[in-house]
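Be aware that the sequence shown starts at 1, since it is given in UniProt numbering, and climbs by one per residue.
Calculated from the structure, these hints are not laboratory results.
Treat each hint with caution, since some may be false.
Unchecked claim - For each label pair, taking beta carbons as the anchor points, the in silico distance ranges come out as:
no.: 1; residue 1: E3; residue 2: R50; range: 32 to 42 Å
no.: 2; residue 1: G102; residue 2: E26; range: 32 to 42 Å
no.: 3; residue 1: M65; residue 2: V115; range: 28 to 38 Å
no.: 4; residue 1: A77; residue 2: C35; range: 17 to 27 Å
no.: 5; residue 1: K24; residue 2: E104; range: 36 to 46 Å
no.: 6; residue 1: N52; residue 2: A77; range: 11 to 21 Å
no.: 7; residue 1: D125; residue 2: D79; range: 30 to 40 Å
no.: 8; residue 1: E66; residue 2: N31; range: 14 to 24 Å
no.: 9; residue 1: I124; residue 2: E3; range: 16 to 26 Å
No residue lacks a Cβ here, since even glycine has one placed at the ideal position from N, Cα and C.
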Amino acid sequence: MEEILNQYETVHASDATIWFKAGKVEDFPTNRGGCIKYKNKQIAIFNFTRRNEWYACQNACPHKMEMVLSRGMTGSADDIPKIACPMHKKTFSLVDGSNLNGEEYSIATYPIKIVEDEVFVGFID
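Let's have the full structure, built from the sequences with the hints guiding it.
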């Protein structure tokens with residue numbers, strides 16, 4: 001199962017060499033997640049309208065290796081936007097992917113940009 005997680009690595013906006021068109025703004029639910037596939041990766045995308053921000057991360061929960069994060073609950077912890085896995089409520093920062101439960105594993109995050117009502121996710125591969 002570790003090979004699933006090895007395909008995900010955080011990308012910073014300044015490092016993105018590919019901006020993949022994920023869809024239109026209206027294709028993604030507000031304050032919840034949607035999921036896209038990019039190559040062999042499942043990417044969760046969140047239109048966090050309560051914060052007026054967009055986030056993207058791996059869809060795979062590193063706790064049980066299930067593709068479920070896009071169905072998790074968004075919220076904030078100490079003003080850090082987060083996603084809670086719908087299966088076991090493990091929470092992760094949508095900014096840097098850190099585990100907010102204090103456990104070692106984390107998630108990969110990806111930059112998002114909105115251009116003329118289209119949603120793009122940044123990748124390096």
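Evaluated hints:
With their beta carbons about 35 Å apart, E3 and R50 fall inside the hinted range of 32 to 42 Å. Under the hint 32 to 42 Å, the C-beta atoms of G102 and E26, about 37 Å apart, fit the expected range. Checked against the hint of 28 to 38 Å, the pair M65 and V115 passes, with Cβ atoms roughly 33 Å apart. Between A77 and C35 the beta carbon distance is about 23 Å. The supplied range of 17 to 27 Å therefore holds.
Distance hint check for K24 and E104: the Cβ-Cβ separation is about 37 Å, which falls inside the suggested range of 36 to 46 Å. At roughly 18 Å, the beta carbons of N52 and A77 sit within the given window of 11 to 21 Å. As the Cβ distance of D125 to D79 is approximately 32 Å, the hint placing it in 30 to 40 Å holds. Roughly 22 Å separates the CB atoms of E66 and N31, a value that falls within the hinted 14 to 24 Å.
For the pair I124 and E3, the beta carbons lie near 19 Å from each other, so the given range of 16 to 26 Å is met.
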